[in-house]
Amino acid sequence: MDEIVNLGTRLPCSWCRALKWKDETQGMCCSGGKVQLPNLEPYPEPLHSLLTHQDPLSEHFLSTIHDHCEKDIRCGIYPGIKPELISQLQKSLNEHNKYIMDFKAAIDSVPKDQKEFKVVINVERKPFGEHKGRFNAPQTKEVAIVIVGQEFEKRDIVLSSRDGTLMRINETHRAYDALQYPLMFFCGEDGYQINIPKRHETTKIPLSKTVSASEFYSYRIMERDGEVCHLLLFRNLLNQFLVDMFAKIESERLNWIRHNKKKTITEK
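Counting from 1, one number per residue, gives the positions in the sequence shown under the UniProt record's numbering.
It is worth saying that the hints were derived from the structure and are not from the lab.
Errors might be hidden in some of the hints.
What the hints assert, rightly or not - Straight-line C-alpha distance at most 27 Å; calculated DSSO-like pairs for lysine-lysine:
1. 34 <-> 248
2. 20 <-> 34
3. 248 <-> 261
4. 198 <-> 22
5. 22 <-> 104
6. 112 <-> 198
7. 91 <-> 248
8. 209 <-> 82
9. 248 <-> 209
10. 22 <-> 34
11. 104 <-> 91
12. 112 <-> 248
13. 34 <-> 91
14. 112 <-> 91
15. 209 <-> 198
16. 20 <-> 261
17. 209 <-> 20
18. 91 <-> 204
19. 198 <-> 20
Go ahead and model the full structure; you've got the sequences and the hints to work with.
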């Protein structure tokens, strides 16, 4: 019989209430209160029930969850997936996802005789840390703008009209996570970006130092006292997300070394 090892009770962090084992690093969850991120929105139905219930439909969803995010679904192809389930999720996304609502509002503002256009998500339009109530309703000028024959910033996400070419989304853009993993970030919450300030642990005043990708995602995937970390319920999709975010973390570290090579050599 395999030996059972009791690791003891997990204790909450005094700053962010993250549950940790006794010997885990003290600041791994929030850097001693300096990493302060807004909570993710609760999942609406039917996603909440699909993730938390133990019934045949939930098991079907969780066993095929990776396929629910694949491009074939967007093309109307459902390999082994219940079409009615896709329909329910799409309806819920249309009602709750801020990017879908803003895309529709932006496109509706284009003159009908304009055949070619681009929808741009401007990286500076919605500052990280703004009060969540300020962006409850779709505000085209705040999140998505339509560009017709104009220049746009390199860090913007550009979505071309159907006859346009596919554009790459920069992994450090705040919208990357929500657009790459729409089920995990169902309401379109911001992901990591390079200018998130750390904050004083008690006064919450922004500091000069910024949150790293490693600190951001360490905070995001922690279980907290009295809360459910829904990201951890996504099974295989969670594995893909973690690998993707680890690559983002390593990319950020390598970029820092490349851009600070002279500085580090001088210090040595």
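So, going through the hints one by one against the coordinates:
no., hint, verdict
1, 34 <-> 248, "holds, 21 Å"
2, 20 <-> 34, "holds, 17 Å"
3, 248 <-> 261, "holds, 20 Å"
4, 198 <-> 22, "holds, 25 Å"
5, 22 <-> 104, "violated, 49 Å"
6, 112 <-> 198, "violated, 45 Å"
7, 91 <-> 248, "violated, 31 Å"
8, 209 <-> 82, "violated, 47 Å"
9, 248 <-> 209, "holds, 19 Å"
10, 22 <-> 34, "holds, 21 Å"
11, 104 <-> 91, "holds, 14 Å"
12, 112 <-> 248, "violated, 40 Å"
13, 34 <-> 91, "violated, 38 Å"
14, 112 <-> 91, "holds, 25 Å"
15, 209 <-> 198, "holds, 6 Å"
16, 20 <-> 261, "violated, 36 Å"
17, 209 <-> 20, "holds, 25 Å"
18, 91 <-> 204, "violated, 38 Å"
19, 198 <-> 20, "holds, 22 Å"
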